[in-house]
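Novice: Quick note, the sequences are listed as chains A and B, same order.
My numbering numbers the first residue of the first sequence as 1 and each following residue consecutively.
My numbering numbers the first residue of the second sequence as 1 and each following residue consecutively.
To be clear, the hints were calculated from the coordinates, so they are not data collected in a lab.
These figures come from a predicted structure and were not determined experimentally.
Just so it is clear, CB atoms sit at the ideal spot from N, CA and C, and this is done for glycine as well.
Certain hints may be false.
Said to hold, decoys possible - Only part of the chain B face toward chain A is listed, based on derived beta-carbon distances under 8 Å: (1) L38; (2) T124; (3) L126.
Stated by the list, open to error - Think about it this way: if two alpha-carbon atoms lie no more than 20 Å apart in a straight line, the pair counts; the simulated SDA-like pairs of lysine to any residue are: (4) A:K284 to B:K284; (5) A:K309 to B:D81; (6) A:K284 to B:R74; (7) A:K284 to B:P75; (8) B:K284 to A:R74; (9) A:K309 to B:E78; (10) B:K284 to A:G77; (11) B:K284 to A:A61; (12) A:K309 to B:T79; (13) B:K309 to A:E78; (14) B:K309 to A:R40; (15) A:K284 to B:E58; (16) B:K284 to A:E78; (17) A:K309 to B:E80; (18) A:K309 to B:R40; (19) B:K284 to A:K309; (20) A:K284 to B:E80; (21) B:K309 to A:E39.
Claimed, not checked - Computed list of chain A residues with no C-beta within reach of chain B, every gap over 12 Å: (22) K2; (23) G15; (24) S17; (25) P75; (26) Q117; (27) D135; (28) K140; (29) R143; (30) R157; (31) G163; (32) D237; (33) D239; (34) H240; (35) T341; (36) D343.
2 protein chains.
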Amino acid sequence: MKRIAKLQELLAGEGVSACLLSLGADLPYFTGYHAMPLERLTMAVVPAEGEAVLVVPELEAPRVVPRPDEFRIRPWGETEDPVEVVVDHLPERDGRVAVGDQTWAVFVLRLQAVLAQARFESATPLTRLLRMRKDDAEVKALRAAGESADRVAVRLRDIEWAGRNERDVSTQIGRMLREEGHDHVEFAIVASGPNGASPHHEPTDRVIEGGDVVVCDFGGRVDDYCSDTTRCFAVGDVDHEVARAWDVLQAAQQAAFETARPGIAAQDVDRAARRVIADAGFGKHFVHRTGHGIGTETHEHPYIVEGNKEPLDEGMAFSIEPGIYVAGRFGIRLEDIVVLTADGAERLNNSPRDLAVVR
Amino acid sequence: MKRIAKLQELLAGEGVSACLLSLGADLPYFTGYHAMPLERLTMAVVPAEGEAVLVVPELEAPRVVPRPDEFRIRPWGETEDPVEVVVDHLPERDGRVAVGDQTWAVFVLRLQAVLAQARFESATPLTRLLRMRKDDAEVKALRAAGESADRVAVRLRDIEWAGRNERDVSTQIGRMLREEGHDHVEFAIVASGPNGASPHHEPTDRVIEGGDVVVCDFGGRVDDYCSDTTRCFAVGDVDHEVARAWDVLQAAQQAAFETARPGIAAQDVDRAARRVIADAGFGKHFVHRTGHGIGTETHEHPYIVEGNKEPLDEGMAFSIEPGIYVAGRFGIRLEDIVVLTADGAERLNNSPRDLAVVR
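Whenever a hint applies, use it, and build me the whole structure from the sequences.
Specialist: This is the structure in structure tokens:
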């Protein structure tokens, strides 16, 4: 069954009148089309019953690959009001309307003003039911993306590090991702020495030097599916405390991996990693959740975080990425994507997990 | 006066209780900080009176450059609810709340659920009043971005075109933008032959060949201000009709440029370009508005479009970019950024405006 038809089944079952999808990964997941993140509205109107319609700016309409058996294309011209066009395609004006999470506020507020009797809610509780569980083709795509990223991780063991700045290495990682088969590069964090303590560090002009540990967290897309992996590199001799922290981190990541299987609550995977790190005395330095789902979006459901009691299920793909961050000194993180099989988890990243010593 | 203080003055004057800024260019415009486009909420709470607060994920907080005299930083931890943190910093629960246009729907809907008595509206009618009129430092930044893009436009006249695919040329344009001083590349459209008829064409594997006209529309950021320019390149001999269309296009762009000055309605600039193209018989092939404002965002107010009767004013910066698109055959577009001076407009792009003949 086509994905849009499955969504319509869910909408009808929940009594939701229509689903409106704009920016974010829902739209490409259901229609194959990526909206441009601009002020001209692109929005798919998926009613619980009947024909789905993709409302798209006229000058972007040529970018849409038609799927006439799945949705109709309705281009809107520069002097039309696209919100009115969307409203015209709703089955009713006072039903429940589910809106994609990344839709811009300006459009939600306009829709609410026009549809004063409708009840708006997030589309994610429905779309996630489909997107979270990957089918065989999706797992294959995630595996290919992971293998491509792994080839970059392996090549990074042999490049020069000392004397270059973070931005320069980040640019090289981006180039390598493309060389190894990525269509798009989404991010290439290079965080050296004390900068490693900032988990989402933006690469700077800081020059990497002997004694640094460098966190490299990178990913992108291969055929619309995402990669995301983190490895660390020690330039020359490794400080004793860092070496010990790395052993702890690797054990924590392994513990989470061994815990992950269908039926286990998402938070239990987080707890498994956190326990190992806390027991070793680094608890307060692990400042983020253990992982996030991945698919057509780098971060999606399920989130591997304390408080998420949702049972994991076969086909779910997510990151396991504990980290230890000591402000002002260093940071380390180790990240693999895994996918759940009937009785456990399979890693989709398999580059070496040691703290690589580099030049 | 600091920008946040100016915004607070506007909020107080309009009776708006607070402004909430998340993704998009408002947040960096007012705080210097770019939020990451991820599921963890970053949001500045700017009350009409009192201290502004930047609510930011704990693991991204190290990325914020503090401005303690302008706003306080409130990191939130992985098991906190950031929407509750935002609500706690509002001066009241039932006032008017202005929300940045690109804030994700999921956060707007959550805020609305918690603040059932508040009235939500777009922040843009207020923020645009500040952002639209560029001060001297901003004009200087836009000029530098324009000059950097112009150097790329000039270099493109001497590269090889025939036999290479669009994606390859697009990658080269991105590299050139960085070489010429851009910090970030936002887009590099390369649309060859019949692909040129799609104004927002995504570069493909299509191999450029003799007889093609290639539309190159590219831009990015220099010191947080945007560039955006379009030039076209003819590979070898130019078809007679294309040459004639180019002359019309250049005249249309010049007519719009000469019309643009303080006091003129935005739509009159659009009409000036459109009239020239229509008079030459290409009217139905000019399928988009004539331009958009530019600053810390590539597309912002004012929009140069039929229906926008707003008078233009000194300091406003926007694109003038008419195009002619003949489906299945070719497309052309010519784009400069201009800024309004006391008695006219100044072009911030000044690379040659001919249809360059290339190899």
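Novice: Going through the earlier hints one by one, which of them does the structure break, listed in rising order?
Specialist: Hints 3, 4, 19, 25 are the ones this structure does not satisfy, whereas the remaining hints hold.
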